[in-house]
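A.B. asks: Given the coordinates of chain A, assemble chain B onto it according to the supplied hints.
Going line by line, the protein sequences match chains A and B.
Residue numbers for the first sequence follow the numbering used here, beginning at 853 and rising by one.
Residue numbers for the second sequence follow the numbering used here, beginning at 162 and rising by one.
Rather than coming from a laboratory, the hints here were simulated on the basis of the structure.
Each hint should be verified, as a subset may be incorrect.
Stated by the list, open to error - The calculated label-pair distances, taken between Cβ atoms and stated as ranges, are:
hint, chain 1, residue 1, chain 2, residue 2, range
1, A, GLY904, B, HIS884, 42 to 52 angstroms
2, B, LEU899, A, ILE895, 40 to 50 angstroms
3, B, LEU824, A, ILE895, 47 to 57 angstroms
4, B, ARG269, A, ARG949, 43 to 53 angstroms
5, B, TYR726, A, GLY904, 22 to 32 angstroms
6, B, ILE224, A, ARG949, 44 to 54 angstroms
Said to hold, decoys possible - Covered by chain A, per the in silico footprint, the following chain B stretches (three or more residues, Cβ under 8 angstroms):
hint, segment
7, 319-327
8, 425-438
9, 773-784
10, 874-883
11, 909-915
Even for Gly, the Cβ is constructed at its ideal location relative to N, Cα and C.
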Amino acid sequence: MELLLAIVIGSLYATGLYMLLRRSVVKLIIGLGLLSNGSNLLIFTIGRLVRGRPPIVPEGESSVPSPFADPLPQALILTAIVISFGVLAFALVLIHRAYQKVGTDDLDDLKTTDM
Amino acid sequence: MDVLLAVLSGFLLAPLAPWLDRRLGKRWGWMWALVPLGLLLFFLRFVPALARGEAFTRRLPWIPRLDVHLSFHLDGLSVLFALLISGIGVFIFLYAACYLEGHPHRGRFFLSLLGFMASMLGLVLADNAIALFVFWELTSLSSYLLIGFEHERERARSAALQALLVTGAGGLALLAGWLLLGQIGGGIELSQWRHQREQLIVHPHAEWALALILLGAFTKSAQFPFHFWLPNAMEAPTPVSAYLHSATMVKAGVYLLARLQPIFGGTELWNATIVPVGAVTLSLGALLAVRQREAKRLLAYSTVSALGVLTLLLGVGTPTAVMAAMVFLLAHALYKAALFLIAGIWDHEMGAREPERLAGLRRTMPITTAAAVLAAASLAGLPPSLGFLSKELFYEALRTAPRWPLLLLANAVLAGMALVAVAGLMGVRPFFGRGPIELQPRHEAPWPLWLGPSLLSLGGTISGLWPASLERMLLNPAITAVLGESVHTHLALWPGLNPVLLLSVLTIVGGIGMYAGRGIVRAPALPSVLARFAPSAAYASLLNGIYVLARLQTRVLQSGHLRYYLLTIIAWTVSIVGYPLVTRADGVALRRPAPEHVLDIGLALIIPLAALAAVRFTSRLAAIATLGVVGYAIALLYMIFGAPDLALTQFMVESLTVILFVLIFYHLPRFTTLSGRWARARDVVVSLLAGGMVSGLVLSILGMSPPDAISEYFVHKSVPEAHGRNVVNVILVDFRALDTLGEITVLALAGLGVYALMRLRVEE
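Chain A extracted, bound-state conformation (with noise of 0.2 angstroms):
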């Protein structure tokens, strides 16, 4: 599972990037929602993969019973999911402004500050 999933965040990145080049600025949108859960998935793999162990400690016990998937990469996405949602719907609203005023969404036409 692991290397299919290495290929599957890879193929994330990849697509991200491609994304992120491209002039359009509305796909530019697409290219960081991919990347961030690209980037995600990758926090989450390189933490080793546990299979239905969630880090929930039962009822009665102290701690939890060996194996289980480890907590801090989890949390460090859970912070990191919210953020870019934060990011994403930020830039969202931002280029819908831009393109409201300047009526464009080619980078190549947003170069100067000038309108």
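C.D. replies: Frame of chain A, contents of chain B only:
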């Protein structure tokens, strides 16, 4: 008072200078001279003890872990320099206060001048090599500020920059040399190195260290081929030229050579580089000086020549040579500062600095005339001045030099003749010459202007007449410090009839001839071929080359297109991360694959396909839908591999994202293909490489043994300490609660931003 306080007082006072100067006003400007006067008295107190052979050390830890200390060492050499700096400083401060009277930025001038004086004192007293380097660069910086004082003029700015670049580059070479020497010797105190001579000079890297240090010394002391910055530095106000660019700062390189004499003196590299460089500088400076028509440039070239003399003598390094160097150091500081100040008087009173435009000044300026005559006599080496004594010693040192005595003597006599002609131009022609008296002053210069040159030149004469106490108190301790052993010298005005005296007479006679025939020396214009290879031309083309390179680099790297910045970053990352991955792929050893579940394989296939579809689809809605598919599939993966919280969050966020996209994308333009075919092909290749690199990275990390994460701690402490059973949640709200607070803040700000952008009415 403490040595530390003495050095730092200038730095402490400098920031207050503009305010203080306004308070002092016009009438009390001379009070500035009290600062160097206080320092002069402080350093004079050390003289009797030094004459008895004592030395003083004061050390303040600065960065102890790096062996960097503010340590000061007071011996005959450093105190001789400190006395010159503070003593001449008295007259310079006095003079400058009057010279710049009414100037709107006089306060700023004193700020830089005080900063310079403090740095220069630090330089000559420092024992720690790094501290010395810091002071060294500080003198370069304050010199930059002072040369460019009249910064409205383009010439002043470029001269300041030139001086800074040349001496600053030399300073960096010096630092490299110090560090190299520190590695060899295992410490960076100069006093320690002096005891390690045998160990240091045999080391294979010692010659590199010395070469780097010499580069620093030569640039600072304007030795050929770095001499060109000094005449250009004459853009500075005259007191600055007198102080920094003749009496003190340019001698820093010479000081350094004298300091290193006990360590490197007599080695092959020492003699073979310093002697020729000094000899060439000496005669080149003197001959170029005669060709100048403007007093300050003329004096600047003669200073170059004098610095050549000092360098040459320290390169020769015999006891006679060192003694000659110390006597000449003192003589030169006295007469050259005086002559500069006199040139400043011409400028201040008559607005002219060309000696040949002036005539008959003796009638209205008797005091200035007397000072100029005495100073010029010392420059020409006429008895009974200190300059005469030093020239006798100079010739004697060359005559007994271990190598090339005849060549060096001939060179020195030729340069000496040129300097006699310079003395005639500075001390005779403007005062006694006949000619059109269009620039006749009506009165003598004000006292703060003539006091300095008079006392300085008088000092040069008196010490020439009665050198004994000067020799005992100042010169012998300095010579002892340079040679590392005590010597007893005997200076006398009448050494008897000997070959050296004959050479002196020859020099003077030849010099008078050169003065009379100076038209011939000046006539031939420098051949243009030679001018193209002049060091200043090399400097200009080097500077231009830097500009061209900077423009080129900016054009390539700063294209202004987002995608090219990204491409650069991606390509660079791929190459530096990918290279070790490929070359050191010593086993992407996977654990034995667990039996794959059908669901996993299905998900693992869906994600790349959906991502690819998001790239390929031209319909906006379809692209959004595929993006959603990717997100939900990943959420399922989280679910399967023991991360229910992640799965939950991902489902929620993904749903919100899709809704937001649908709402807003509706208002955005359709997908269009803007890039050309080639650009797309290039991006495909780069993206695939980057993706492949990330895959390889994941596999190689998985091949390593899992890290000892701090997760164990969280898992064990979760219930007893935080009373929570869901460890991920406990980490977020307890162990890393502040992080989460920050995250919430960011999200709230993003939300505010979104709201504000939606509500914003863009003014048309």
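A.B. asks: Decide, hint by hint, whether the structure agrees.
C.D. replies: Against the structure, the hints come out as follows:
1. GLY904/A with HIS884/B: 42 to 52 angstroms: Once the Cβ atoms are compared, 26 angstroms apart, the range 42 to 52 angstroms for HIS884/B and GLY904/A is violated.
2. LEU899/B with ILE895/A: 40 to 50 angstroms: About 20 angstroms separates the Cβ atoms of LEU899/B and ILE895/A, which means 40 to 50 angstroms is violated.
3. LEU824/B with ILE895/A: 47 to 57 angstroms: violated (30 angstroms)
4. ARG269/B with ARG949/A: 43 to 53 angstroms: holds (48 angstroms)
5. TYR726/B with GLY904/A: 22 to 32 angstroms: At roughly 43 angstroms between Cβ atoms, GLY904/A and TYR726/B fall outside 22 to 32 angstroms, so the hint is violated.
6. ILE224/B with ARG949/A: 44 to 54 angstroms: Holds: the Cβ-Cβ distance is about 51 angstroms, inside 44 to 54 angstroms.
7. 319-327: Violated, because only 0 residues of the segment 319-327 of chain B bring their Cβ atoms closer than 8 angstroms to Cβ atoms of chain A.
8. 425-438: violated (count 0)
9. 773-784: holds (count 5)
10. 874-883: With 6 residues close enough to chain A, the hint holds.
11. 909-915: holds (count 4)
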